[in-house]
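Novice: The listed protein sequences derive, respectively, from chains H and C. FYI, in this note's numbering the residues of the first sequence are 1 to 218. FYI, in this note's numbering the residues of the second sequence are 1 to 445.
For the record, the hints were derived by calculation from the structure and aren't laboratory data. Keep in mind that this is a model prediction, so the values were computed, not measured. A couple of the hints might just be wrong.
[To be verified] Which stretches of chain H does chain C cover? Using the computed rule of at least three CB atoms under 8 Å from a CB of chain C, they are: (1) 71-82; (2) 166-175.
[Unchecked claim] Reference listing, derived: stretches of chain H covered by chain C, where coverage requires no fewer than 3 residues with Cβ under 8 Å from a Cβ of chain C: (3) 52-64; (4) 189-195.
Think of the CB as a built atom: it goes at the ideal place given N, C-alpha and C, for glycine as much as any other residue.
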Amino acid sequence: MPEANEMMHSSGLGRLRLVTPPSGESQEAEDAKLARALINGEARAAELAWDRYAPLVHGIVSRALGPDAEVEDVTQEIFYRLFSRIRSLRKPEALRSFVVSFAVRIVKWELRRRRARRWLTLSETGEVPDDQLLFMNVDNRYALRRLYSLLNLLTTRERLVLVLRHVEGMTLEEIAEAMEISLATVKRTLRHASARLSELVDADVQLRPAVGKRRPSK
Amino acid sequence: MTGDDDRDGGELGPRAAALAALARRSLGHLTPSEQVRGREVLRARLALRRRVVWSLSLAGIGAAAFAAVVLVPRVLHRTENAPPLAYRLEGGALAADGRIEASAGVEPALRFADGTVISLARGTKGRLADVDGRGAHVAITDGTASVNVVPKPHARWRVDAGPFVINVHGTVFSAAWNESTGRLDVKLERGSVSVEGPVTGGPIAMRAGQRLTVAMHQSRVLLRAIDDHEGDVAESDTTAAAPVAEVAPPPVLATTPARTPAPPLLAPEPAAAVVPAAAPIRTAMRQPRPARSWPSALASGDFAFIVEDALRDLPHALDASNSDDLAALADAARYRRQDDLARRALDAQRRRFQGSPRAADAAFFLGRLDEKQGAGLVHALRWYDRYLNEAPSGSYVAEALGRKMVAVRDLYGVAQARTVAEEYVRRFPHGSYAGAAQALRDQAR
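With the rest of the complex left out, here is chain H (with noise of 0.2 Å):
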């Protein structure tokens, strides 16, 4: 990418590049630099954390969300917001996990708030946006709705937690860390949210053809 390393240069961040970082040189050392320089303001940092960390925001919200026609709106507004909180960032080579956390805390309240408003995953219009879902076949796209609006019957926490589990693939421990909440508490909403949910889907007729004994497939 000799485009993103001149533009780095320029901007006084060295040998950082776009996404992977330089063989030798660890990930923590690479967002260390990458915090450091978004702290100061520096030319061009915010573009490149978006270009290392929208993939990763992107997904978590996409699947904590449900297909929504707003991912991408949530998606600004938590880099929007993480960029003017970034000097409370205490340990620059913590980068990651503190946008994972930040990206966590506002997908909470995105889903609170859709809850007070009785929207869930449904759009001002009362119709589920389907955009993200055009390229399945539909029984898979009927899949999916359902399981968007099984998981709606459930609490924020257990949503989230998880949605972070078994959908984001993240460890236990990562999301203690990013729901900011004890182990312990993270397991107890674990076994509760998977059971609650697996009854749901069982129970549920409508899904019975589109999952069936067969694995879906895409």
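Chain C: place on chain H using the hints.
Specialist: For chain C alone, kept in the frame of chain H given last:
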């Protein structure tokens, strides 16, 4: 990220686990084009934030670097949580009161960070009244504005044309206001808007492919197909004619957005169908409508009336109704989820009015029904192709091409769909399916 702590007691049952895996595979993948677009939006927002700070502490400094980027004073008074949209004015400058002052011989354009563009024709007098996190408010005091609003949830865009207010959702339209003749002309290419002002008798909901003309001095309201120019002649007639006796607009034209039916679940409809697009509706003076005609009932949201009326003698309704009534019946049945009845009305439309614009539209809706009812994407694809052939510049071309792209992808794979995606992006770079089309192109590479 998964560690070795799998045995946490929080395992999902096999069916729930399969769904979670499906979500993991299907959601959350940021395409390169989405990432680039997001970076641009973020850059614009951060630039705006920096400029707010500068404007507070170093008034006037930095104007040269971003001469085209202008802040609206009200940005500091925003009440929304979201920061105001960043924008820049091309081909002109913004006065302190928001007036858009075009450079000589240039058509100025406001470009917003979300991709929305509002262009003013040469000589148009306009003003940027407000910008917030959900959209902007632009006022045209004389002249023509072309508006291309990128659809977004919670978006709020408003265009004033003289004394008229146009509330905009994701859409493409032009609005012309002639101060001296008191004439408003709105041409809606895509999406939906509602227009309200003097002599409209309440908000008038427009749908794609329609054109609304309001001759304020003659108290005339004319809603018709976008390519129908009869109203132009009528207007010139009336400007020289004696005062018009009739003042109130026809009730059929005054519909509130609140009555707009909810669109089908699985896919966005091209527009909120309140008044049939291809039904040329003339002024009340020349062609009064019966109080409870089906198009009239459709316009007022009384779908049950249409369906019940038709079901009293369905064979007669299908064989004897005119094209407008059949279209109203099909729309009403679709909105009430009575898809079989809708299909029969659409079939009758195609059989009896072959070659008409309504028959072409019926092909599109039959495709949607096939897709929705699970009759098969192959059937739906055939209908979309038929529609695209029969109405190459029809109201639903963008939607039909988008649905075709998805159908081809599902049936024949990404490589085959890429051609359709490229055509879509070329023809409708800001269309509802543009993001999906770009993602598909990225995927195919």
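Novice: The segment 52-64 of chain H covered by chain C? Criterion: 3 or more residues, Cβ-Cβ distance below 8 Å.
Specialist: holds (count 8)
Novice: Verify this for me: three or more residues of the segment 71-82 of chain H with a beta carbon less than 8 Å from a beta carbon of chain C.
Specialist: It holds: at least three residues are needed, and the segment 71-82 of chain H offers 7 whose Cβ sits within less than 8 Å of chain C.
Novice: Verify this for me: three or more residues of the segment 166-175 of chain H with a beta carbon less than 8 Å from a beta carbon of chain C.
Specialist: holds (count 9)
Novice: Is the listed coverage of the segment 189-195 of chain H by chain C valid when you require three or more residues with a beta carbon under 8 Å from a beta carbon of that chain?
Specialist: holds (count 4)
Consistency with the previously given hints is maintained throughout, with no hint failing.
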